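Engineer: Chains as they are written, first to last, in the numbering used here: chain E, 1 to 588; chain Y, 1 to 309.
Mixed in with the good hints, there may be bad ones.
With the Cβ distance kept under 10 Å, some of the chain Y side facing chain E (calculated, not the full set) [to be verified]:
1) SER23
2) ASP58
3) ALA60
4) THR150
5) ILE160
6) GLU202
For the record, the hints were derived by calculation from the structure and aren't laboratory data.
A quick note: this is a predicted structure, and the numbers were derived from the prediction, not measured.
Think of the CB as a built atom: it goes at the ideal place given N, C-alpha and C, for glycine as much as any other residue.
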Amino acid sequence: MRKRVLWLIAALSMVVAVAACGGGSDEGGGGTGKTDTSEGDVVKGGILRLGTIDYIDSLNPFNYIESQAYNAFIMLYPQLVQYREGDQGLEIEGDWAESWQTSADGKTWTFLLKSGTKWSDGKPMTADDAAWTINTIVKFASGPTAVAAPALTHVKEARAPDDTTLEIEYEAPVGNVLAQLEQLFIVPRHVWEPLAAGNGKGLKTHHPEKDIGSMVTGGAYTLKQYERKGTTVYIPDPNYWGEPSNAEAVALTYYTNSDSMIADMKEGNLDWVDQVPFNAVDVLKKDDSIVVNEVPGAETTNITWNSNPRKAKNRELLDPQVKKAVSMCVDRDKIIEVVFNGYAEKVESLVGHISPLENPNLGPLEYDCEAASQMLDDLGYAKGSDGIRVAPATTGKYAQPAHKMEYEIITPTSTDFNVNRSFEIVKEGFAQAGVKVTQKVGGDSTASYALETGDNCDPAKSTGYETFDIAMWDWVGYIDPDFMLSVVTKDQWCSWSDTGWDNPEYDKLYAQQGTTVDPDQRKEIVWEMQQMIYDNFLYTQLTNHVYIDAHRKEWDGFLTELNAYSKRYYTNPQRDSTTCSSGSPSRS
Amino acid sequence: VTVFVAITLNFVLFRAVPGDAVSALRCRQCTAQFKEYQRHELGLDKSKWEQYRLYLADLAHGDLGNSLRSERPVRGELWEPIKNTVPMVALGYVFSIVFGTIAGVIAAWRRGTLVDKGSLYSGLGFYSMPPQWLGLMMVLFVASAIGLPTSGIKDPTLGILGDASTWDVLVDRLRHMVLPSLTIGLVLYGEYALIVRSAMLETLGEDYVLTARAKGLSNWAAVWRHGLRNALLPIVTLVALSLGFIIGGFITIEYVFSYPGIGLAVVEAMDQRDFPILQGAFLLVTFAVILMNLVADLLYFKLDPRVQS
Numbered sequence: 001m002r003k004r005v006l007w008l009i010a011a012l013s014m015v016v017a018v019a020a021c022g023g024g025s026d027e028g029g030g031g032t033g034k035t036d037t038s039e040g041d042v043v044k045g046g047i048l049r050l051g052t053i054d055y056i057d058s059l060n061p062f063n064y065i066e067s068q069a070y071n072a073f074i075m076l077y078p079q080l081v082q083y084r085e086g087d088q089g090l091e092i093e094g095d096w097a098e099s100w101q102t103s104a105d106g107k108t109w110t111f112l113l114k115s116g117t118k119w120s121d122g123k124p125m126t127a128d129d130a131a132w133t134i135n136t137i138v139k140f141a142s143g144p145t146a147v148a149a150p151a152l153t154h155v156k157e158a159r160a161p162d163d164t165t166l167e168i169e170y171e172a173p174v175g176n177v178l179a180q181l182e183q184l185f186i187v188p189r190h191v192w193e194p195l196a197a198g199n200g201k202g203l204k205t206h207h208p209e210k211d212i213g214s215m216v217t218g219g220a221y222t223l224k225q226y227e228r229k230g231t232t233v234y235i236p237d238p239n240y241w242g243e244p245s246n247a248e249a250v251a252l253t254y255y256t257n258s259d260s261m262i263a264d265m266k267e268g269n270l271d272w273v274d275q276v277p278f279n280a281v282d283v284l285k286k287d288d289s290i291v292v293n294e295v296p297g298a299e300t301t302n303i304t305w306n307s308n309p310r311k312a313k314n315r316e317l318l319d320p321q322v323k324k325a326v327s328m329c330v331d332r333d334k335i336i337e338v339v340f341n342g343y344a345e346k347v348e349s350l351v352g353h354i355s356p357l358e359n360p361n362l363g364p365l366e367y368d369c370e371a372a373s374q375m376l377d378d379l380g381y382a383k384g385s386d387g388i389r390v391a392p393a394t395t396g397k398y399a400q401p402a403h404k405m406e407y408e409i410i411t412p413t414s415t416d417f418n419v420n421r422s423f424e425i426v427k428e429g430f431a432q433a434g435v436k437v438t439q440k441v442g443g444d445s446t447a448s449y450a451l452e453t454g455d456n457c458d459p460a461k462s463t464g465y466e467t468f469d470i471a472m473w474d475w476v477g478y479i480d481p482d483f484m485l486s487v488v489t490k491d492q493w494c495s496w497s498d499t500g501w502d503n504p505e506y507d508k509l510y511a512q513q514g515t516t517v518d519p520d521q522r523k524e525i526v527w528e529m530q531q532m533i534y535d536n537f538l539y540t541q542l543t544n545h546v547y548i549d550a551h552r553k554e555w556d557g558f559l560t561e562l563n564a565y566s567k568r569y570y571t572n573p574q575r576d577s578t579t580c581s582s583g584s585p586s587r588s
Numbered sequence: 001v002t003v004f005v006a007i008t009l010n011f012v013l014f015r016a017v018p019g020d021a022v023s024a025l026r027c028r029q030c031t032a033q034f035k036e037y038q039r040h041e042l043g044l045d046k047s048k049w050e051q052y053r054l055y056l057a058d059l060a061h062g063d064l065g066n067s068l069r070s071e072r073p074v075r076g077e078l079w080e081p082i083k084n085t086v087p088m089v090a091l092g093y094v095f096s097i098v099f100g101t102i103a104g105v106i107a108a109w110r111r112g113t114l115v116d117k118g119s120l121y122s123g124l125g126f127y128s129m130p131p132q133w134l135g136l137m138m139v140l141f142v143a144s145a146i147g148l149p150t151s152g153i154k155d156p157t158l159g160i161l162g163d164a165s166t167w168d169v170l171v172d173r174l175r176h177m178v179l180p181s182l183t184i185g186l187v188l189y190g191e192y193a194l195i196v197r198s199a200m201l202e203t204l205g206e207d208y209v210l211t212a213r214a215k216g217l218s219n220w221a222a223v224w225r226h227g228l229r230n231a232l233l234p235i236v237t238l239v240a241l242s243l244g245f246i247i248g249g250f251i252t253i254e255y256v257f258s259y260p261g262i263g264l265a266v267v268e269a270m271d272q273r274d275f276p277i278l279q280g281a282f283l284l285v286t287f288a289v290i291l292m293n294l295v296a297d298l299l300y301f302k303l304d305p306r307v308q309s
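For reference, chain E alone in the conformation it holds in the complex (with noise of 0.2 Å):
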């Protein structure tokens, strides 16, 4: 009997459950609505409301800046191929490809794609589509297209033998052909070619944004609204080939300042948040009613030391033997736990965490001052009455006279981090091997850069990165590790290079990187040019985030790893089947 009545207790308690999933309720108020439980546990409907720092500029993939409106695009539009989770950290998948081979000379690429897609207004999405927009890309490149142009290095042209079918000819063998299509996105032939007509600038100066109505887009969403500095609101599309959205609708809402935006999810005014800042981590695991998810991030923190072979004054930090021995003085733990709040780990490598090609065999760098005055010591700069050391004078090109080991850290006034503090902790840490340092508020990252780089930044006459000594900074790095090796070389003096670096022989392996195949043999010439990066010192690497985010209760099935990898990052989240819905909106 007493078995019974917990039966009818619990059946009881289902039938409220169920029914608090599925009743109905005004938009925006505090119940649930429409609910399909038919698939297994999913729970689908609702509105996930999604807090961001980021913003969407663009909804024009040949025109765009923001990091929000790569996001955007990913939900929009096709892409070949995507990441997933695997075993081995991210590898790629197909997203509107099914398979794709290779040909023997690694100059071909043909991928066979989903047959009967369709673009949002219902016109057929075909490998023609893909030909047209990669050959209009590369057509392109030095203009319009240039934007989406990194995505296409190499390629020489692409054909649609038929429908579901594409060829991409390569003028060599690209070793991250894979990884370089992840980042390409295919638009509709129907829509842009009248754009292509000419220079092909009307395809630069297309605003999709002014008239979202009229948009056509193929990916696994449309756009019911878009608010450059609002809420912008994806809605699945039906002729969506992948799995579909969990959720009725997906509402990014752009936020200035994270403290508001952290006060929302608090109040349950969102249901996600996708980047939460380090100081509010703690704050937000103690509420139980939300999770915070942590993984590897993507962005690095690092001293940057101006290695321009032709630097006029304080040469002596060109040598990489100077640049260690400072550096293991900095307490890199103290940065973790005062700047990150324990959310960072060391890193040695500039590639970063991210991505699975990192040099595992580099450093560690210890911090052992003691060591590190030795080496100084040894290498000649003596410490002066007042503690700080002298480098001696020096004759040649070069000449320099015996000056104190004194100089300026420029630091740059719009990093996501504290820079000031972690600028402290360095500062301390050069002090005790007999180094003084000074800040330099560089401004916002365009006017700390000017600052490295110099009025006369010139590639062509190698003029610039003369003035400036030290700086700190961060890197956003990506899974291919191409992006960040091309960072040092001289083809980015004045554009990406913020060390002024110039050494032929690495230039020459960067090239030869991308043109290798074989994985294993990549693998061998990425891993040396990181080890000649840190030999070097170009940079002192600091941290590695960790990137968090954190979601409701009420919500659950996030994929914080696939965050600009994958339609999935937003198709996948879905209301919890046992607490369902109490605070997210939902179709009444």
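Since chain E is already given, all that's left is putting chain Y on it; use the hints.
Structural biologist: Showing chain Y alone in chain E's frame:
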């Protein structure tokens, strides 16, 4: 002359900051090739004199140019944020003028009492508070207590799965305006309360007020008819000048509340070195301030017969 100087300063000042719209492009896909193309397309490879000449020529035709980031006309790019900013800031001003004036009048009327001290210290307190700090306090402690939104201009879910009525939209907009407007109102309240108190004290000490009282007028009548009316001159000037800044918004307040107004647009434009947007925004503010200065002068002329004579 003032306008020409302002126009020229607008051009020079922003270009004195290191970097330009192309060097401000910090994205992975922004290759050197892309930057070179952009610099040419946007005319940044032209000499500064040539850029200045083109800027003046465009202005002479009433053209504020195109945004260097979105490549859309500045006029359109500024219109939306201005539409958002004006009602929010105006609401804050109304709050500060009404309550500041009342507090100032009462403080002067009850000089030396607890009421005066309360008004004086609260005025000083709010006046000296950094607006962004007060805004943050609103976000962290006031918003949840009174159930008001902390950011943006509208509820992200409003009208997504169904149609929202005009009334719903209006109420929603007002709800989002309350906290930023209140913050502005409180900061400015102090300024108004202190100035009104000071002006009233001066006026209430005049012989004609004493005469009015001697004639048997009630305290209220003496304060209202003879005190406040005569104290209005500096207050009107202050209000008129303040109105000129409504269009400029409150950068820090808009930033704290993620309010998509002109202040936020200016911050973004500065970050992106979008000179035409900055020039356009500051030109508008300059015009508004000059215009309101003129209005203040005309009002003075109207309100103070001594000026006419």
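Engineer: Holds or violated: the hint that ALA60/Y contacts chain E, with Cβ atoms closer than 10 Å.
Structural biologist: Nearest chain E Cβ about 25 Å off; hint violated.
Engineer: Answer holds if the nearest beta-carbon of chain E is closer than 10 Å to that of ASP58/Y; otherwise answer violated.
Structural biologist: For ASP58/Y, the interface hint is violated, since the closest Cβ of chain E sits about 18 Å away, which is over 10 Å.
Engineer: Taking 10 Å as the limit, does the beta-carbon of THR150/Y come near enough to a beta-carbon in chain E?
Structural biologist: 4 Å, holds
Engineer: Can the hint on ILE160/Y be confirmed by a CB-to-CB distance to chain E that is less than 10 Å?
Structural biologist: 5 Å, holds
Engineer: Regarding the hint that GLU202/Y lies at the interface with chain E, is the smallest CB-CB distance below 10 Å?
Structural biologist: GLU202/Y check fails; min Cβ-Cβ to chain E is 42 Å, beyond 10 Å.
Engineer: If you take the shortest Cβ to Cβ gap from SER23/Y to chain E, is it below 10 Å?
Structural biologist: With a closest approach of 6 Å, the SER23/Y hint holds.
Hint compliance for this structure: hints 2, 3, 6 are broken, all remaining hints hold.
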